[in-house]
Every structure is written in structure tokens, then in C-alpha cells.
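Undergrad: In case you want the letters, here they are:
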Amino acid sequence: MPADQPAMRTAPNIEDPDAFHARWVAAHEGLTEQQSFELNARLVLLLANQVGSAQVLAACIDAAAKPWRHGELQAPPA
Amino acid sequence: MSTTTIQPDAPTPASADPAPGLDYAGPVAEKPFSGQGYQLPTWPFRVPPEIADGSRHGRHPVVVVGAGLAGLTAACELALRGIPAIVLDEDDTVGVRGASSRGICYAQKSLEVFRRLGIFDRVAAKGVRWSVGRTLAGNDVVYSFDLSNTASPEGSRQPPFINLQQFYVEWFLAERAMELGHVDLRWKSRVVGVTQDDDSVTLQVDTPAGRYAVQADWVIDATGIHSPIRNAFGLQTHAAAGVDRWCISDVRFRSRPPIERWTWVEAPFNENRAVWQHLMADDVWRLDYQMEPDADPEHVSRAEVVAERLRRQFGDGVEYELVWVGPYAYRSHLLDTFRHDRVLFIGDCAHVMSPFGARGGNSGIQDADNLVWKLALVLEGRASPALLDSYHDERREGAIQNITITNRTARFLSPRSPAERMIRNAIVSLAREFPFAQPLVNTGRLSSANTYSGSCLVLGRGAGRSIQNVAIDAPAGDLAGLLEGGGLRTMLFAADAAAARTLAACLSAGDAGRVSVTAWLLADDAQAPDAGAAANADADAALPVVRSPALARQLGLAAGEVAIVRPDLYHAGCLPATDAAARLARALDAGSGAAPHEQASTTTSAARRAVHAR
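In the order they appear, the protein sequences are chains A and B.
Our numbering numbers the first residue of the first sequence as 1 and each following residue consecutively.
Our numbering numbers the first residue of the second sequence as 79 and each following residue consecutively.
Keep in mind the hints are simulated off the structure, nothing from the lab.
All figures in this text were calculated on a predicted structure; none of them were measured in a lab.
Every residue, glycine too, gets a C-beta built ideally from N, C-alpha and C.
Among the hints, a few may not be true.
[What the hints assert, rightly or not] Cβ-Cβ distance ranges computed for the label pairs, FRET-style: (1) B:Pro493 / A:Ala41: 16 to 22 angstroms; (2) A:Ala19 / B:Met256: 20 to 26 angstroms; (3) A:Gly52 / B:Glu370: 42 to 48 angstroms; (4) A:Ala65 / B:Gly555: 56 to 62 angstroms; (5) A:Thr10 / B:Arg390: 46 to 52 angstroms; (6) B:Glu511 / A:Ala41: 21 to 27 angstroms; (7) A:Thr10 / B:Met256: 55 to 61 angstroms; (8) B:Gly395 / A:Leu31: 46 to 52 angstroms; (9) A:Pro67 / B:Ser495: 20 to 26 angstroms.
[What the hints assert, rightly or not] Partner residues are not named here, just some residues of chain B that face chain A (Cβ under 7 angstroms, in silico): (10) Glu498; (11) Pro513; (12) Phe514.
Given only the sequences and the hints, what does the whole structure look like? Please build it.
TA: Next up, the structure:
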């Protein structure tokens, strides 16, 4: 990664983590599992737009998918 | 299983080690299944003078009902101030018979209170200091912390945490209250009725020698979760029972497990439910297992079931002695008003929360510490009874903070839906790899001193924060010693010589009114250009000088200001030197600034009718 590109942030950066978690799970109250999946997908898209950087989003997707990729790290098709 | 005989001041062998701890304090089931427990001290019932000679014995300034952590802390605070008080307790010992091991973790603010009450050395000698904690999922540590890294030499003279069985603390407090005098501890004395009128409270007390009445100016209710006094007045609590079931096993091992404080979010040996493992005094470990929500409490506390859990956790060859077993389900409740005219509610009768973070016992101690200095001023005629509304304002705000925080932990540990479990799985798995997710793993946020934002004692910048018991360069040694040497009065600290001269003039002019204070020039030597200049400043000072860079940092004084430090070592604010004494006097005099409960007090007269507890 070029030095001037932003890197995926892995140090703690969430303000008041417990309040964030409380608000997140409260948003799921009363939803079906399918609705919860959809809520989380909408949330990912909204947060992705806050991030913006393609580099960072790609790194986040790779990190999130890692448990199911058995260690093989491959670049997404160009 | 054998009875554990307790030597209260025998040092705990492991206490020298930086040991793991526990963030547990809370109510447990009243009927433990097994374990011989401990031998607790007992004190004799003495026939009270009201029964012995049949006469009425006039009014008592204060009666405390309930000799638990909160009630006994209040008793010692009253005794330190020389206030004659009666303490009534239905039992003749400490702890709850059988269920003798409840809260075990005492946080810094409580330890600072113990320092002022004179039992800190006993607590420290008997208890287990700890600083390292680890949170695990499966076999992986996903989060760990070391509180010794955050304990600065400029911070409190007391450590972040000490673990000790609750009954030991109660035992030390009871003996201290007796030693201090002024307080009459009456055992085997059960309150069965309460009435209140405009100027007194009358309690009906059942004893082995019969029933008698005792009349008091003020009653402190510290009777716990099932308070008969609160119920007799029909006061509302907002209750929520937890669905989560847990089972404690207090165990002494033949060969100790590694000394670490471990909490599992998902323990493989407990069907991926949560487990706590932490050390107390006498080499006893508390193991606390999350059960199936529909688990049968009788079943999970059977000796053979406990044995199977221990075998799964520690292996086939584990040798141990069961000290105590108790299943429980937690709950939370909050009382609407912590002051009902002349009755003040402290501890579990006012607020109950789930045990995570050790916020129950520690908040009861803070309640007593917050209340008694105010009550003493009212009894001395130096403050208006309206000042007591600030007890409600501050400690109810603290209780709401504690309940909110513990509810979040409870919810993290017991996801309510597949979606919540999915979120938790994501957090735990990311926390293994990335530091950012670790603060989201919530196995309890440890008790800290509450911050107050909305009472009549929020007088200036920085108000509402607890001030740590820092070192003071004076014979007193620390802030608590300075308070003690000054007769437990509110302390005023001037930022510089000019502020000191102004403050001294204000005090001479009577700006403090009925309030009695001690006043100091606070020298921060780190900022003095040289020792000679500091000495010259001392010579000019209108007030005695104390030196403490640590205190100066905590108070955050600016030039020309005076900081007000309350007798419970809370900051009441930094104010211009010209205003400080007068503002303090007005706040204590009238409870001015925030008196929403004064109105409530006058409109609840219907509730003052004679009522009787069951």
C-alpha cells in the first residue's frame, strides 16, 4: 500500500463502545432474523459511505471474510 | 467438607501476589444447597433500656436499620462524628446465615472510605490485591488489562481493588463502630412497624425480650432488597427480574489453579456459557457459572453436579474443598425517591443491579458516605434539611449509571435473539485479532466512583467528581488525614496567595454563615520557580499551607480561585475566591440551586400516615 493511502484502523476508535453496542442490539429488538440480516447490511452500507476509501473498505472486507477463507488471501478480481 | 474456622486477622497466604479478582457483588439466593460455609462471629442480644426499665427514652438523633455494608458504613461515619445513633439488626452476626459469601470486590472509593473509617489496614491485610484481569472465549484470551499500569504514584494511596468476602468487611466495620463508641448496636432487633409525622419517625422493634418503640429524628433504612420500611410506606421501585441463572461455587483447592483473574464469555467446559474465576481471602476461589436459562437451581447446586463442573474445568484429578454453593438469578430495581421526609434509603433497599462490575456493595458504601456528613450538618443546625435532597439527587443519579452499565453487561452475556448472538460472535472473533473490538467485549465494567451532575452541591467548574485520596506533604500524610485533622469539615483550597488573602477575608467577614470549614493555601511546588519563592509565599500566606502537586492536578484550580472539597472527598467546584464561601453557605443553608424534592416532601403528607410493616 502506498504510504499516502489510508490504512485500515485496528486500534480502538469507537466512542463509548458499550453505548454503541447497546444501541446496535436495541435496533434489532422485535425483528425477525431476516430483518436483522437486512438491518446489518444497510448498516454496513451506511458505515462504508462514512469510510469512503476503497483501500480501507477492501481491507475491511478481507478481514471480515477471513474466518471462511481458510487462510488463503487473494486479491479480489480487478 | 469441613467447617472453615475464621481468624479475622490472619493474613491470606496469597495476598502478596498480584492476584486475579472478581467483579461480583450482589444478592444471591437465600437458601444455599451445600457447603459448611464459615463460622461467623456473633454478638449478644442485650435487653434495651426501653424494655429493661419500661421508660421512654426520648428521641434519638439517628436510627440505622440494618447492619450490612451500607448500614455499618453509616454507623461508623456517625460514630466518627460523635453522633449518638442506634443500629438495629434482626440477626446477631454479619453476612447472611448460610449465604455467607456475597460481594467480594471492593473498589478504590470504598477503600478510601475504609481508610477514613479506620479499617483499611485490616481490609488490606486480610484481602487479596489484584490488578490483572483476562477475558477468554474458548481457549483464547481476547482481552486483558493490568490496573497497576494505570495506578499512578500521584493517584490514590489506596489500590484499585481488593477482594475480600463481604462478611469480613462487615465484621471489621461492626467492631470499628463498637470501638469508636457513640453508636449502640442492637442485635436480634427486628423492625416490624414504622410511622412518621412532621418531626419524628417511630419504629416498632421486636426482640427476644419483647417489643418496644424507638423514636428518632432521622431513620436510615439499610435493610436491603426486601426492605420492610420501604414496603410499609408503599414506595415504588421499578423492578426488572433477570432471566439469566448463575451458580456460585466457592472452593478451596488442594493445589491452586494459576493465580489469574479469568472471565470467560464462552467457556468450553460450561457448554460455551460464561464463567468467572477469582480469588478471595483464605485461599478461597469463587467460581461462578452461567447456567441454562431454565436450569433448576436445586439441581445445579447439588454436590455431584458441582463436582462434575469442577472436573470439566480443572480435570479429573482436581482435589478441592467446597466452602459454599449458591444458585441465583439477578434482578434490578430502583426506588423513585431515596428520601422520604425523615427516612433515608441507602444500599440495596434503594437500588439493586446485576452483579457485574461489583457495583452493588460498593454503591451502598458510597450511599452511606454521601449521606452521613450532610445529615451531621443538619443535626448540628449548620444546614437545612433540604440539603438531604442532594443525597437523593446524587446517589440516585449514581444508581441509574450503575444499573445502565450492569444491564449492558448482562445483555452482552445473555444475548436475547439470534441477531444479538450473531453480533456478539462477530465482536468476540474480531477481538481475537484486532484491538479495536476488545473494548466491545463486556464481561463487566468495574465499579468506579460515580460522578454527580445535578445537585445543589454542583457549585463550580469540576464539581461532582470524586477526589482521590492523594498524598499531602503535611503531617496528615494524605487528603483523608487532612480531613480528619480538620474535624471532618468541608475543606477550601486557595490556588495562590492572593486567593488565600481574599478567602481569609471572606471567612472573617462571616461569608460562610453557619457552615464550618477549614481553609488552606494549596501550594503546587512543581510550579514554584524556586524553593525560596515558595517559602516567601508561605510567610505571606493568610492561610496555612499544604503542598500536594497531585491534589492541585485533581482540583484543576486556576489563578485567583478556591476549590471546595466535601467531607466525602468529592469536588464541589472551583470558584472565584470572592464567591466560594458564600456560595457554599447558600447551598448548605437552603439546598438552593436544585430543590425539586422539597416540593415533593410537602406534598406527600398523605403517605405519612401510620403504616405497619409485615
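Undergrad: Taking the CB of Pro67 of chain A and the CB of Ser495 of chain B, does the distance hold inside 20 to 26 angstroms?
TA: Between Pro67 of chain A and Ser495 of chain B, where Cβ atoms are some 22 angstroms apart, the hint holds.
Undergrad: With respect to the beta-carbon atoms only, verify the hint that Gly395 of chain B and Leu31 of chain A lie 46 to 52 angstroms apart.
TA: With a Cβ separation near 48 angstroms, Gly395 of chain B and Leu31 of chain A satisfy 46 to 52 angstroms, so the hint holds.
Undergrad: Take the C-beta atom of Ala65 of chain A and the C-beta atom of Gly555 of chain B, compute their distance, and say whether it sits inside 56 to 62 angstroms.
TA: Given range 56 to 62 angstroms: holds, Cβ gap about 59 angstroms.
Undergrad: Taking the CB of Glu511 of chain B and the CB of Ala41 of chain A, does the distance hold inside 21 to 27 angstroms?
TA: Hint holds: Cβ distance 22 angstroms, inside 21 to 27 angstroms.
Undergrad: Just to be sure I understand the hint, the distance between the Cβ atoms of Ala19 of chain A and Met256 of chain B should be within 20 to 26 angstroms; is that true here?
TA: Violated, since Ala19 of chain A and Met256 of chain B (Cβ atoms, about 45 angstroms apart) do not stay within the stated range.
Undergrad: Tell me if the interface restraint on Glu498 of chain B is satisfied: Cβ within less than 7 angstroms of some Cβ in chain A.
TA: Status holds, d = 5 angstroms.
Undergrad: Is 42 to 48 angstroms respected by the C-beta to C-beta distance linking Gly52 of chain A and Glu370 of chain B?
TA: Distance hint for Gly52 of chain A, Glu370 of chain B holds at roughly 45 angstroms.
Undergrad: Verify the CB-CB distance for Thr10 of chain A and Met256 of chain B against the hinted window 55 to 61 angstroms.
TA: Holds, at about 57 angstroms.
Undergrad: The hint says 46 to 52 angstroms between Thr10 of chain A and Arg390 of chain B; measuring C-beta to C-beta, is that right?
TA: violated (35 angstroms)
Undergrad: Per the hint of 16 to 22 angstroms, is the separation of the Cβ atoms of Pro493 of chain B and Ala41 of chain A within bounds?
TA: Given about 20 angstroms between the Cβ atoms, the range holds.
Undergrad: Could you check if Pro513 of chain B really has its C-beta closer than 7 angstroms to a C-beta on chain A?
TA: At 5 angstroms from the nearest chain A Cβ, Pro513 of chain B passes the 7 angstroms test, so the hint holds.
Undergrad: Going by Cβ atoms only, is Phe514 of chain B closer than 7 angstroms to chain A?
TA: This hint holds: Phe514 of chain B lies near chain A, its Cβ roughly 5 angstroms from the closest one there, short of 7 angstroms.
Figure legend: structure checked against the earlier numbered hints; hints not met, in rising order: 2 and 5.
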